[in-house]
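So the sequence lines, in the order shown, correspond to chains A and B.
Mapping of the first sequence onto this note's numbering: position 66 corresponds to residue 66, and the numbering continues sequentially without gaps.
Mapping of the second sequence onto this note's numbering: position 100 corresponds to residue 100, and the numbering continues sequentially without gaps.
None of these hints come from the bench; they were simulated from the model.
Among these hints, one or two may not hold up.
As the list claims (entries may be wrong) - Derived DSSO-like pairs (lysine-lysine); straight-line CA-CA distance at most 30 angstroms:
hint, chain 1, residue 1, chain 2, residue 2
1, B, 70, B, 42
2, B, 98, B, 42
3, B, 56, B, 106
4, B, 42, B, 2
5, B, 42, A, 13
6, A, 13, B, 98
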Amino acid sequence: ETGVTQSPTHLIKTRGQQVTLRCSSQSGHNTVSWYQQALGQGPQFIFQYYREEENGRGNFPPRFSGLQFPNYSSELNVNALELDDSALYLCASSFTSGGVGNIQYFGAGTRLSVL
Amino acid sequence: QKEVEQDPGPLSVPEGAIVSLNCTYSNSAFQYFMWYRQYSRKGPELLMYTYSSGNKEDGRFTAQVDKSSKYISLFIRDSQPSDSATYLCAMSIYNFNKFYFGSGTKLNVKP
Numbered sequence: 001e002t003g004v005t006q007s008p009t010h011l012i013k014t015r016g017q018q019v020t021l022r023c024s025s026q027s028g029h030n031t032v033s034w035y036q037q038a039l040g041q042g043p044q045f046i047f048q049y050y051r052e053e054e055n056g057r058g059n060f061p062p063r064f065s066g067l068q069f070p071n072y073s074s075e076l077n078v079n080a081l082e083l084d085d086s087a088l089y090l091c092a093s094s095f096t097s098g099g100v101g102n103i104q105y106f107g108a109g110t111r112l113s114v115l
Numbered sequence: 001q002k003e004v005e006q007d008p009g010p011l012s013v014p015e016g017a018i019v020s021l022n023c024t025y026s027n028s029a030f031q032y033f034m035w036y037r038q039y040s041r042k043g044p045e046l047l048m049y050t051y052s053s054g055n056k057e058d059g060r061f062t063a064q065v066d067k068s069s070k071y072i073s074l075f076i077r078d079s080q081p082s083d084s085a086t087y088l089c090a091m092s093i094y095n096f097n098k099f100y101f102g103s104g105t106k107l108n109v110k111p
């Protein structure tokens, strides 16, 4: 077990709705990254949060947004859900020092189904 | 062209076989190379990571990186049914702020 916890485990939403996913990072880690993993594919980087600010973003539209809190936990928000947003959403935590990160450890993920 | 290419398999081998899993990449700035194992409906679990070129061994697992060919491998010796999972390669530049993953190779080790 990595100590990275995600909630909820599963979620079913309808197209057009909004969703919030949550992640608690591993003890001692200060950085959280979010990934989307479609069925049969590798994880795709959404964004990373460090010091409560976005520290890098992948090719995802602005309706994907995030937050990091002072305790280093994080939220991923997705607005105006589309059918293609159905996927496993993974949170990974790591430790960053002097602007340089380290190995990322993953949680079990939240499986989102958009109907 | 994807930055990281990985044969999706599936790869089916008998118990005790040596397994070779591979990835190729296009970005010469990648410096860190990771292998993750993912069981069905679980998050990826870090197996090994290496820096730059060379070999690294950990028990039954050996990771190899050939930066000149932009090619990485993971070897599993004496494979076990419990090794049946999807294996993901991942890469990063020096600052680790973004990991680039392959699509994963599904491995089935038959008893």
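For each hint, the structure was consulted:
As the CA atoms of residue 70 of chain B and residue 42 of chain B are separated by approximately 29 angstroms, the hinted pair is consistent with the 30 angstroms bound. Of the pairs offered as hints, the one joining residue 98 of chain B and residue 42 of chain B holds, with about 21 angstroms between alpha carbons and a cut-off of 30 angstroms not exceeded. Proximity of residue 56 of chain B to residue 106 of chain B is assessed by CA-CA distance (about 22 angstroms); at most 30 angstroms being required, the pair is judged to hold. Proposed proximity of residue 42 of chain B and residue 2 of chain B is supported: the alpha carbons are some 25 angstroms apart, at most 30 angstroms.
With a CA separation close to 21 angstroms, the supplied pair residue 42 of chain B and residue 13 of chain A stays within the 30 angstroms bound. Between residue 13 of chain A and residue 98 of chain B the CA atoms are separated by roughly 28 angstroms; this keeps the pair inside 30 angstroms, and the hint holds.
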